[in-house]
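Start from the sequences and build out the full structure, keeping to the hints where you can.
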Amino acid sequence: MSVLTLREAPPERLDFHSINPLALAKLSEIEVAKLPVGTSRRGLTLGDCFSVSLDGSDTLTIEGGSERLDRVGAALSGGTIRVAGDVGQRLGEGMAGGTLTVAGNAGPFAGSGATGGTITIEGDAGDHAGGAVYAAKAGLDGATLVIKGRAGDHLGDRMRRGLLVAGEAGHHAGARMIAGTIAALAVGDHPGFGMRRGTLLVGSHGAMSPTFVETGSHDLVFLRLLARSLRGVSPAHADLAAGALKRYSGDLATLGKGEIWAAA
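Numbering of the sequence shown is given in the working numbering, commencing with residue 76 and proceeding in unit increments.
Treat the hints with care, as some may be off.
Keeping only pairs whose Cα atoms sit at most 27 Å apart, straight-line, the calculated BS3-like set for lysine-lysine is [said to hold, decoys possible]:
(1) K321 <-> K223
(2) K332 <-> K321
(3) K332 <-> K212
I should point out that these hints are in silico values taken from the structure, not numbers from a laboratory.
What follows is the structure in structure tokens.
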């Protein structure tokens, strides 16, 4: 297991886009320490803030976190990254495979554009988790994103495919969804605002948009399969899917082929 140990709080935001176990395995510890990660004219390198210990494996642990560590695990295609602490924005952006775990909290846009692999945030996540960054066509795009704590507003905004599981979320969860599945035990006002397709499974929720129509309760095989798939991720969400639910169809102001399943 290769280890990066934070020695001091970063004096500026750091870009970890190129810091992944597969890339580091090809370099020496001296070469890794010289990798540029700064985002200002200081020219900070990885060795300015971190101690480096490499063993050539496909597992990387970052000991000590900071909300200034941006794009951790971005474009990861294999292997494992674990962060013992917090991270900043765009966690796992564009990730294609592998496993990414954060023991603390994450900033906004976690999992944006991720097409594969599994991202787990054991704490809270900022706004737009699983959502599209500015000018991007889609948010989460095939990966699995699990937020064990609370997510901010606009969870899964413009999500295209994949699975997004959160303990709680703020307003406009599932806004502008293109497809995919979001499950949360509680969400704020206007879930699914502007969604075209996709499935949103929620426990408690705030105000529902008037462009969603309640279509009653249904006993569908799909719900049993969803509960089964969620069992290994979160038993609480699996129990929600297996319980009594009522269905809302919408958003009728757009394509209108999305659905919200809410606890009855």
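Evaluated hints:
A C-alpha spacing of about 24 Å is found between K321 and K223, which places the hinted pair at or below 27 Å, so the restraint holds. A hinted pair counts as satisfied when its Cα atoms are at most 27 Å apart, and K332 with K321 qualifies at roughly 16 Å. Taking the CA atoms of K332 and K212, the gap is about 19 Å. The hint holds against a cut of 27 Å.
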